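So the protein lines, in turn, are chains A and B. Heads up: the first sequence begins at 1 in this note's numbering, then just goes up one per residue. Heads up: the second sequence begins at 1 in this note's numbering, then just goes up one per residue.
Among the hints, erroneous ones may be present.
Here chain B is said to cover these stretches of chain A; the calculated rule only asks that three of the stretch's residues, wherever they fall, bring their Cβ under 8 Å from a Cβ of chain B [as the list claims (entries may be wrong)]:
{"#": "1", "segment": "58 to 71"}
{"#": "2", "segment": "93 to 101"}
{"#": "3", "segment": "113 to 120"}
The calculated label-pair distances, taken between Cβ atoms and stated as ranges, are [stated by the list, open to error]:
{"#": "4", "chain 1": "B", "residue 1": "Pro192", "chain 2": "A", "residue 2": "Glu26", "range": "16 to 24 Å"}
{"#": "5", "chain 1": "B", "residue 1": "Ile169", "chain 2": "A", "residue 2": "Asp164", "range": "25 to 33 Å"}
{"#": "6", "chain 1": "A", "residue 1": "Arg143", "chain 2": "B", "residue 2": "Ser34", "range": "23 to 31 Å"}
{"#": "7", "chain 1": "A", "residue 1": "Thr15", "chain 2": "B", "residue 2": "His196", "range": "41 to 49 Å"}
{"#": "8", "chain 1": "A", "residue 1": "Arg149", "chain 2": "B", "residue 2": "Asp128", "range": "56 to 64 Å"}
{"#": "9", "chain 1": "A", "residue 1": "Leu293", "chain 2": "B", "residue 2": "Ala250", "range": "54 to 62 Å"}
{"#": "10", "chain 1": "B", "residue 1": "Trp168", "chain 2": "A", "residue 2": "Ser137", "range": "37 to 45 Å"}
{"#": "11", "chain 1": "A", "residue 1": "Asp178", "chain 2": "B", "residue 2": "Tyr175", "range": "41 to 49 Å"}
{"#": "12", "chain 1": "A", "residue 1": "Arg124", "chain 2": "B", "residue 2": "Lys165", "range": "36 to 44 Å"}
To be clear, the hints were calculated from the coordinates, so they are not data collected in a lab. These numbers come from a predicted model, not from an experiment. We put the beta carbon where it would ideally sit given N, CA and C, even for glycine.
Next come the chains, spelled out residue by residue.
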Amino acid sequence: MSVIEADGLRRSYRTSTGVLRRRTHEIEAVRGVSFTIDKGELFGLLGPNGAGKTTTIKMLTTLLLPTAGTGRVLGYDVATETARVRASIGYVFGGDRGLYERLNALDNLRYFADLYAVEPRIQRKRIAEVLDIVGLSGRERERVEGYSRGMRQRLHIARGLLHDPPVIFLDEPTIGVDPVGSRELRTTIAALSAAGKTILLTTHYMFEADALCDRVGIIAKGQLLAQGSPAELKARVADRTVVEIEAHAVTADAVEKLRRIPGVVAVTLDERDDGQLLRVQSASGLELTQTILARLGDARVGRIATREPTLEDAYVDVVTQGTRS
Amino acid sequence: MNSARVFFRGGLLAYKALFNFKQTAVYIPTMLISPAFQILFFAYLGRYSGLADDNFFVVGNAIQATAIGCIYGMVLLLGNERQFDTFSAVIATSTRRGALYFGRAVLPIANGIVVTTFVLCTSVLLLDFRMPATALPAFGIVVLVSAVSCAMFGLTLGALALRLKDIWIISNLSYTLMLLLCGANVRPAVLPGWLHAISSCLPLTHGIEAARKVADGAALSQVAGLIGIEALIGGVYALLGYALLRLFEAGDRRGATLITV
Numbered sequence: 001m002s003v004i005e006a007d008g009l010r011r012s013y014r015t016s017t018g019v020l021r022r023r024t025h026e027i028e029a030v031r032g033v034s035f036t037i038d039k040g041e042l043f044g045l046l047g048p049n050g051a052g053k054t055t056t057i058k059m060l061t062t063l064l065l066p067t068a069g070t071g072r073v074l075g076y077d078v079a080t081e082t083a084r085v086r087a088s089i090g091y092v093f094g095g096d097r098g099l100y101e102r103l104n105a106l107d108n109l110r111y112f113a114d115l116y117a118v119e120p121r122i123q124r125k126r127i128a129e130v131l132d133i134v135g136l137s138g139r140e141r142e143r144v145e146g147y148s149r150g151m152r153q154r155l156h157i158a159r160g161l162l163h164d165p166p167v168i169f170l171d172e173p174t175i176g177v178d179p180v181g182s183r184e185l186r187t188t189i190a191a192l193s194a195a196g197k198t199i200l201l202t203t204h205y206m207f208e209a210d211a212l213c214d215r216v217g218i219i220a221k222g223q224l225l226a227q228g229s230p231a232e233l234k235a236r237v238a239d240r241t242v243v244e245i246e247a248h249a250v251t252a253d254a255v256e257k258l259r260r261i262p263g264v265v266a267v268t269l270d271e272r273d274d275g276q277l278l279r280v281q282s283a284s285g286l287e288l289t290q291t292i293l294a295r296l297g298d299a300r301v302g303r304i305a306t307r308e309p310t311l312e313d314a315y316v317d318v319v320t321q322g323t324r325s
Numbered sequence: 001m002n003s004a005r006v007f008f009r010g011g012l013l014a015y016k017a018l019f020n021f022k023q024t025a026v027y028i029p030t031m032l033i034s035p036a037f038q039i040l041f042f043a044y045l046g047r048y049s050g051l052a053d054d055n056f057f058v059v060g061n062a063i064q065a066t067a068i069g070c071i072y073g074m075v076l077l078l079g080n081e082r083q084f085d086t087f088s089a090v091i092a093t094s095t096r097r098g099a100l101y102f103g104r105a106v107l108p109i110a111n112g113i114v115v116t117t118f119v120l121c122t123s124v125l126l127l128d129f130r131m132p133a134t135a136l137p138a139f140g141i142v143v144l145v146s147a148v149s150c151a152m153f154g155l156t157l158g159a160l161a162l163r164l165k166d167i168w169i170i171s172n173l174s175y176t177l178m179l180l181l182c183g184a185n186v187r188p189a190v191l192p193g194w195l196h197a198i199s200s201c202l203p204l205t206h207g208i209e210a211a212r213k214v215a216d217g218a219a220l221s222q223v224a225g226l227i228g229i230e231a232l233i234g235g236v237y238a239l240l241g242y243a244l245l246r247l248f249e250a251g252d253r254r255g256a257t258l259i260t261v
């Protein structure tokens, strides 16, 4: 039996603009998302910012009502059986807010242990356990306002585990966390998965999904465009080669020119603190490096590498095709 | 059993987490010195104008001073959930909402009583305020009922603060209006009809009237009616505040109006 089921989930919002002439717009954040997650599975929902990941997770955690479609957790309807769903899930927020800053970690956990109806006789032991799981033992008497982002994120996870829920929703748990902190968080998530928890993880870090997830779903513009194991998704682009170029001052015009090169399947340009990263996917066997460089115009070029496709390339391919259609 | 923990310990932890004035350096000037000066101000104004004696202003302002603990307390304990983005985490639990929301009133009520006691003691020392010792038990009951009633009004304002994203306009405006309308310094009978009507629907108005009578030697049974009305008004605000919170919570599921995380 599936532990989490999303069947045609839809969610739209109404927003208003203007002062004198109020205009109401309807935005469809999620447009008919369907997937199932089996017991003990770690399912990743991947997508760019604004893709509908958090809205989907909020519907499945009962915080938002679906406009259409149904969601079920452990067989309970998320729209009508909210108390049963809430008692069965742990919801871990991303980001460094959402905690009581003026309290220490221990009081944050005590408070939520009461709200989650953790038996008083086991509360102290359970709080010690979750602090241990997330690696905050010894720091629990410090006020949260003095915590680093990674520590706050770990406290979010500890809070979501207090009542030992069989199902855990992790909404971008490593966002903004430094590399070492992220790695520790991934270790914690992997341990939870190994302990048999059913986990829905949203992220836009591909390597994270690749390392952790049994299956992933790619969501963009509110639609689930593809789902499968990381290996299955990577197989979509197995017949391709990726040229990766570190550069400066690559223009949108140049990117368009690259897209018109015969054999090129997808081109992405990421802006980074130290420059730009250009990725050009093409059919494998084609040698396009010189052609690409010739079309970059006045852009300054650094390191150039050719490599095998990764999950990120599969993701780019899916999102690019989905956006075009 | 768990509801009792959420009510009492949850209320205490929420107070520690969300009440802005709990540090001593902020609490003393805001919660103690400011209302004490308020009493001194109106008592001396009363002496200068010859309108009423010290007892009138001391009793009125002492009862009204519960509002500083109860209104600001409740508005902060609910409205700050939104400021700190913690409300989603709270409503994502299946805890009983009655224990969750009403438990938050325990510390503000206690705080309101502390403030009233402090300003009464200050008034004994600095003004010509006297009350027979035999009146203290009845006076204590009036203070308790008034504080509870005022905290329930604060619950309603706190629900609105949660929805309107503002904690200061609502609390400051309400506190100032109560200073005028609750009879602490101006008898409601001399207010224009429409203000008098508002006054009779607010908490503390009947409590202040009862407290003045008790301080003048009336027995508890003689003010039971006024205390009953004060309690009834508190009950109505309790229902209204709770209904608003549940309504906003349900509305938030439909329209994402409260949660920001």
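For each hint, the structure was consulted:
no.: 1; hint: 58 to 71; in the structure: holds (count 6)
no.: 2; hint: 93 to 101; in the structure: holds (count 7)
no.: 3; hint: 113 to 120; in the structure: holds (count 5)
no.: 4; hint: Pro192(B) <-> Glu26(A): 16 to 24 Å; in the structure: 47 Å, violated
no.: 5; hint: Ile169(B) <-> Asp164(A): 25 to 33 Å; in the structure: 43 Å, violated
no.: 6; hint: Arg143(A) <-> Ser34(B): 23 to 31 Å; in the structure: 27 Å, holds
no.: 7; hint: Thr15(A) <-> His196(B): 41 to 49 Å; in the structure: 43 Å, holds
no.: 8; hint: Arg149(A) <-> Asp128(B): 56 to 64 Å; in the structure: 59 Å, holds
no.: 9; hint: Leu293(A) <-> Ala250(B): 54 to 62 Å; in the structure: 59 Å, holds
no.: 10; hint: Trp168(B) <-> Ser137(A): 37 to 45 Å; in the structure: 39 Å, holds
no.: 11; hint: Asp178(A) <-> Tyr175(B): 41 to 49 Å; in the structure: 45 Å, holds
no.: 12; hint: Arg124(A) <-> Lys165(B): 36 to 44 Å; in the structure: 37 Å, holds
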